[in-house]
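Asker: The residues making up each chain are set out below.
Protein chains: 4
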Amino acid sequence: MINIALLGAGRIGQMHAKIISDTANSKLSYVFDVYQPAAEKVAEQYNAIVADDVEVILSDERVDAVLIATSTDTHVDLIIKAAKAGKAILCEKPIDLSTERVQQCWQEIESCNVPIQIGFNRRFDPTHANLQQQLAEGAIGNLQQLIITSRDPDIAPTEYLRHSGGIFRDMIIHDFDMLRFITGEEALEIHAIGNTLIDPGLAEFNDVDSVMITIKTQSGRLCHINGSRRCVYGYDQRIEAFGGEGMLQSTNPLPHNVVKSTAADTASQSVLNPFFIERYQSAYQAQFASFINALISGAAPSPSFEDGLEAQKMADAAQLSLQTGKTVSL
Amino acid sequence: MINIALLGAGRIGQMHAKIISDTANSKLSYVFDVYQPAAEKVAEQYNAIVADDVEVILSDERVDAVLIATSTDTHVDLIIKAAKAGKAILCEKPIDLSTERVQQCWQEIESCNVPIQIGFNRRFDPTHANLQQQLAEGAIGNLQQLIITSRDPDIAPTEYLRHSGGIFRDMIIHDFDMLRFITGEEALEIHAIGNTLIDPGLAEFNDVDSVMITIKTQSGRLCHINGSRRCVYGYDQRIEAFGGEGMLQSTNPLPHNVVKSTAADTASQSVLNPFFIERYQSAYQAQFASFINALISGAAPSPSFEDGLEAQKMADAAQLSLQTGKTVSL
Amino acid sequence: MINIALLGAGRIGQMHAKIISDTANSKLSYVFDVYQPAAEKVAEQYNAIVADDVEVILSDERVDAVLIATSTDTHVDLIIKAAKAGKAILCEKPIDLSTERVQQCWQEIESCNVPIQIGFNRRFDPTHANLQQQLAEGAIGNLQQLIITSRDPDIAPTEYLRHSGGIFRDMIIHDFDMLRFITGEEALEIHAIGNTLIDPGLAEFNDVDSVMITIKTQSGRLCHINGSRRCVYGYDQRIEAFGGEGMLQSTNPLPHNVVKSTAADTASQSVLNPFFIERYQSAYQAQFASFINALISGAAPSPSFEDGLEAQKMADAAQLSLQTGKTVSL
Amino acid sequence: MINIALLGAGRIGQMHAKIISDTANSKLSYVFDVYQPAAEKVAEQYNAIVADDVEVILSDERVDAVLIATSTDTHVDLIIKAAKAGKAILCEKPIDLSTERVQQCWQEIESCNVPIQIGFNRRFDPTHANLQQQLAEGAIGNLQQLIITSRDPDIAPTEYLRHSGGIFRDMIIHDFDMLRFITGEEALEIHAIGNTLIDPGLAEFNDVDSVMITIKTQSGRLCHINGSRRCVYGYDQRIEAFGGEGMLQSTNPLPHNVVKSTAADTASQSVLNPFFIERYQSAYQAQFASFINALISGAAPSPSFEDGLEAQKMADAAQLSLQTGKTVSL
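One line per chain: the protein sequences are A, B, C and D, in this order. Note that the numbering used here numbers the first sequence so that position 30 is 30, with each residue one more than the last. Note that the numbering used here numbers the second sequence so that position 133 is 133, with each residue one more than the last. Note that the numbering used here numbers the third sequence so that position 9 is 9, with each residue one more than the last. Note that the numbering used here numbers the fourth sequence so that position 209 is 209, with each residue one more than the last.
Zero decoy hints are in this set.
With a straight-line Cα cutoff of 30 Å, these simulated DSBU-like cross-link-like pairs (lysine-lysine) come out:
1) Lys41/A with Lys18/C
2) Lys27/B with Lys27/D
3) Lys27/C with Lys41/C
4) Lys27/C with Lys27/A
5) Lys18/D with Lys27/B
6) Lys313/B with Lys84/B
7) Lys18/D with Lys41/D
8) Lys84/C with Lys41/C
9) Lys313/A with Lys81/A
10) Lys18/A with Lys84/A
11) Lys41/C with Lys27/A
12) Lys41/D with Lys81/D
13) Lys326/B with Lys326/C
14) Lys41/B with Lys27/B
15) Lys41/B with Lys18/D
16) Lys81/C with Lys313/C
17) Lys81/B with Lys313/B
18) Lys41/C with Lys18/A
19) Lys84/A with Lys41/A
20) Lys18/C with Lys27/A
21) Lys18/C with Lys81/C
22) Lys326/D with Lys326/A
23) Lys18/B with Lys81/B
24) Lys81/D with Lys27/D
25) Lys41/A with Lys18/A
26) Lys18/D with Lys18/B
27) Lys27/D with Lys41/B
28) Lys18/A with Lys27/C
29) Lys27/C with Lys41/A
30) Lys18/C with Lys18/A
31) Lys18/B with Lys41/D
32) Lys84/D with Lys27/D
33) Lys27/D with Lys18/B
Selected chain B positions facing chain A (Cβ under 7 Å, derived; list incomplete):
34) Val232
35) Tyr233
36) Ser261
37) Thr262
38) Ala263
39) Asp265
40) Thr266
Keep in mind the hints are simulated off the structure, nothing from the lab. None of the values given here were measured: they were computed from a predicted structure. A virtual CB, placed ideally from N, CA and C, is assigned to each residue, including glycine.
With the hints as extra help, turn the sequences into a complete structure.
Answerer: Below, the structure written as structure tokens:
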């Protein structure tokens, strides 16, 4: 049995608490949150202990691993402390908004040699994962072009976005990781355009809500990501891989499968999932099971800290391209 | 060049005139209609001659074939006359509402040995025909169950239906033919239920507008036909063949392929084709080309007169089952 | 907290144990199985007590309800005992293979007034349930025709089927319940045909593996069920409701949503779910949550014992029609 | 009746000859081709006259219009001659590979005031046209992002492509026109990347076979085009328009609609249309009917000469971006 301490008991932390509790060979032992009533509520539900501070958790030898689901600005600090205490780590993305700080973090923890996994949950989505696997098995020959569609259901308030690090670091970072996961290689050049087609207020702090990114990989493949902060028909997450012998498309699952035909049209009677917690529920479960399995087997967890760092660098390059209008080489 | 005389210049006759004119190796030479202005209009459009009566056509040696698209009650008479004049015949379905009369017709014309084809156009629909071909090639192993869906867009006026011969002889006869075409065998037993769920006025003359038919074939396959006189979302014509190694479905084509996703749903933005002339346009073209090719090559045209007769017998059996509530053996 | 005793720890019992444990306000307290090691394994996993015999469970006042997942021939006995002990009951379908015995059971327990629910789980499937709800809300006007497709992935061994009660009582009973659930009314007439197209050995004990059933409801609607014991492409469970203003179709969900286009074709890269435990997982969860909610709120659980009885009567009628070739009135 | 002279009797000219002949109010009067036997074959089929040279056609007063389907390098010359002879013109795209020459052409013919239409047939495709119309009617609110997928079934021989003008002027020009047609505005900035992922031999003359283009329009919308010279699953032509209130997708039509389910998967049993003549058959018909209607009504034909010029400028900009790696402003 792997004992897990959950750091952060907000919306996503609550989801993780249930997953920790439902997963075989895993037990929720501690919950910590700066807002203690939130921690108490979760702890009670799953018979865990509320920790007054993180030190209590890190000094308890029975704790095997921490799941970090706190606010982004606290991630690096908690990773360093947990690594030094010898705990395994599953940390929500992004590691930090500053790539420099992510690199410093790595220097501090590398020698600790603790297992560490970054929460790029989409790699575990049954449909995306199947596409990646088929591609790797040669189902469509050599990959030539990749198109990722990434549209959030609705935009956050302007004031929240002001501190989000920008659309590339906050949202599209998932798609940069997906591109690395599917192509199995690094970006060579990145070009990005964007605009405030949804919330003009973002212009004040040089952010945008609609983007199109073109990426050439090191081996010369052509990739495209399109992203939008608002999509009225739901959380639209698709991948299209085009190769020498065919095409693979990862399409959106639907909550139910009723089709209605009337004099007007024939309609799939189900809108897309509202957001990531519903859409990627099974991905979050599989992600955590993968973490537990790595800890039990002694394998290195994946995606790794380095995966988190590389996606970050792509976000930085896209941001630079957006601001300068130029293609950025990596 | 095959010279065709068109008998009947109503809606379906006009469609045939254009097809005759567009088809390679075929020429529209005469048009006849009891309502002469209709014949004149069509004749003018395609540079054909208006015939005052059918005898003019049948005595003209240059005429190779007649296409009979007149009202059903005139079919037998015209078939007999044309056969005796040595003309090839393409006759719209049904041959006649009375199976006895169809059989008498056959006795009269059998010795004439003229090529004769019955207008079961659906056999030539690209999608239905592909299903039949794949099935014949063993794509799903041995056929076990067959389901045919047959829904007209809207019901005709009660007074028209009073003289239609009933839903089985007038409408479902196409589906009986389709069943024979796809299974390649004859019905052993037929059971039918029906009701007036659309037009209660049909009850007065023992007709119905909604039917479900179950048929066991001679080799023991199970078949189902469901039919409706009104379908608000268009002309719904589907076939599902279920076999030991899979399933083939012939689904409805759409006039265009735009898909719209909104906050409400994701909809195929195209309703089905309004009715048979639009839906089966390419089937009518292929049917006529097949007739011309048979005449040129000397092959027997198909579907044959006997095919027309056998579908008729199934319609009679279904009608009897509907009235008695019993399973009817053939 | 509702304390549940699980009777039967086979494959479906194990599934129920996990659901009992995962559902809010529910606790697995006892497990019983005639093969005690099976009970022990489940009990250990969920911290429940193994009961040596059923009496221990029924005499423990802390037990609120029993979930009966034993073999069919023990259901009636266990229902009567549990009802007399004042326990609420959730019983897997069918209640018993003999309708007479089901009726006797009812006479014995009616006065006990315990909440009792029959395991027609499909009513809780998100897609089927949405179809039923939309229909009830008038989405397609008045229902005219209903078509249910019910195909199991693979046939059980002949020796197992010899004692199954026949395809109608063992398998199609779910579809009879679905018909009642969706139409909201009872059958007036039933007609069935069948054949041994998959396992000829069934003929020895008058069973079949392929069936087509036609049903007219009391208000005159037309319904069709087609069933097969083997379907190579997976567990095929669809419903099509046709009404005066449109059509609703409940289609099969897929385990993942990758589409592959190659020179051969464009394919949904996911076969259907292998069988009921995978396909109806969320239905089983919702079914149990509904049972718990009924116990807490004091509402009558649904589907009821009577629902179980009525579906049984339809199975008997279908069996009689199959044997006699006649339409059976109910 | 509009009398049409066809210039060019190659593969596409033969297609146009049939359309001219089938279209109401239109008559094929002359056929010209530098290879006279080709002209003779077409002329015979449609009862037209073979012209020894173009002058014969242009000096015949009965000729109302010319349809130019000759090789690209002859277009400008023929346009100028026809315009000066007062003939209406329908010219295949592109007008010329040199934008400068297109502009010179316009200076020569502007004062002739003859109706002139450029063969951007895709604007007349039922599905693309429906998307454009719905968008114009506000079906998805304000357009924010546009994605065009353009994949040819197979690459032409290297030697042919050497003289094609490059992928942007030869192939993607259709997509540039589509972008202008759908957005209703001009490009502001173009960025293109490409590679030789299919035929490395193209590198010799600085051409590519795989491209991704990003375009910002004057109002700030974000557009993406992806193109490939080889697509094994057929001629893949899709459009996705994303707006504030939803998404419209123009998907590929299929030659037939059979779906096959087996133990492996569920497949649309129809590959895409092989190439443009099959896929855009109805678009070519509608394009020509639109030209004839414009001539009869006196309206200006559309798409216009200017539309041809603007798409050309976009192709030049994309070529420049590909070569320099920079974003090109228009």
